[in-house]
Amino acid sequence: MSKEKIQICEDLADIMPPEYHKLVESATFGNQDRGWKDIGSSTELIEQHSLCAGCPESIAFRYILASLPAPEDTVFVGSTGCTSLVFPHVAVHNIHSLFGNQNAIASGLKRTLKSRFPDVEKDVVVLAGDGATVDIGLDMTMQSWFRQEKFTTICFDNELYANTGGQESGLMQKGFVAKMAPKGKNFEKVRLPEIAREAGCAYVALLTVSKPNRVEQVIKNAVLIAREVGPTFVQLYTPCILEIGKQSMEGLDEMKDSESIGGRFVQKEYISDEAQKLLDSIKIETKERKKAAKEAAKKPVNA
Amino acid sequence: MSHYEVKAGPEAFLPPAAATMGNILPDPGEAHIGGKIVPEEEAYEHAARKILGAKVPTIFPGPLVLWKWNDHVAAKAKAIRELANEVPMRLIPMADYRPKYPKIDAAVEINPNHPNLTIWHNKIDVCIFIGVHCHQANLALKMIRASTNCYTMAMCAMAGHEDACLSFRDADLEKIQRLTAAVKKLKAEGVEVQANSFTQFQMDRSGFVVEPVN
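Line by line, the protein sequences give chains A and B.
Here the first sequence stands for residues 74 to 376, where the numbers follow our numbering.
Here the second sequence stands for residues 9 to 222, where the numbers follow our numbering.
Careful, some of the hints might be misleading.
Taking beta-carbon pairs under 8 Å as the criterion, some of the chain A residues facing chain B (in silico) [what the hints assert, rightly or not]:
1) Leu-85
2) Ile-88
3) Gln-121
4) Cys-125
5) Pro-161
6) Met-253
7) Asn-286
Hint data in this document are derived by calculation from the structure and do not stem from the laboratory.
Quick reminder that beta carbons are idealized off the backbone N, C-alpha and C, glycines included.
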């Protein structure tokens, strides 16, 4: 894992537009402690995006990309939906799969990367909407968990098919009336975190993206556990402000409301014993590394 | 055998993909000129003549040669620069395939989603794609043929492109150097460069180091 991978050929560097020079020089590739706090001070792996103004999904993208432990060694697998509009703008490798097929693609990709690069830890992260994860792709999603495929699945849950005009999805809440679901939903929201836990995920988290530090911690946990232990799943509430009749500025409030006590998105985590042990050891290791770095910084230069 | 000739456009709002008209890709050791399969050697000379006869010959290096994936790529980039210096040709990068918002700067970059903007802006009459992923090259080549009068060439590292007016296949370092050698040879034989004088732009992280002058 190193920044050396992201380089421009010397002989053609002087024709590259400034944004690429900045990406190479000021992005956080190779920084072990990268996180959401780098947003604003370092070049982000996503600068422009094609989502609606105020879309919480765009915020989620920024936090996730800032939190990946090793973006230079990460491959995203996406699916059809609003997320697929963003991937062309992201400075991380990504594959667009057929709708719902993302976890099947990721399974093959992870195994191939393991075989092709046995000495390098390559992270595979699936990022898809609720339609791809829960409705059309539930079979592939669950089968990958049953098989204990070691990658992270992130679901952007906006509780409907936003990209196609507001059809009912499995993650829509009961009774909700959408533009293309005028009678209201008759069934309860699918309890995907519980399904994920029972299907064998070593780490499961449900939360909104209202608090960047929480998102960072969850994404780091999910990716690091997927490397060592087994499949992990993160469900993030990213409301579609257009489809629920909100204004651009109201996305954050919507998320905060939904995570308050009794809400649909009160943060919860399931962590297996093995995963917990790993997190504990990472915590100790990180603490020691930071302590050593602090002490090294204190020492006089000529000592 | 196909009779569909892949010529410089503008052909139509939506020209047919050459493959659908029956055009086939060259075998190893071959190239195609306008859809006609020819020995590779013939294509080098044809390409060199096109480049030398153009007013604004331009190389569009793609991500496969702009980013230093490995040392071989770095050597290819060097060879591309040598080719550009030898003619001289403009270099306009296709660094990635993002549909950029609000719009690209057509003076200094090309985008496969609307390559005609760069061709129009710079009045490019002959271009060569090197190091562009095939699926994006196919898209861009067809659009260029649709709406511009630019003669397109593809230096493809895989099987070549039916939708280019001229295409090499299996392009590696040596083939780029052979194209440069073909240009040198023609120049030595007295073929004159028709290119308009220009200043190649240069940029760093703060913007222009040298601004483009046409």
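List of violated hint numbers, smallest to largest: 4, 6 and 7
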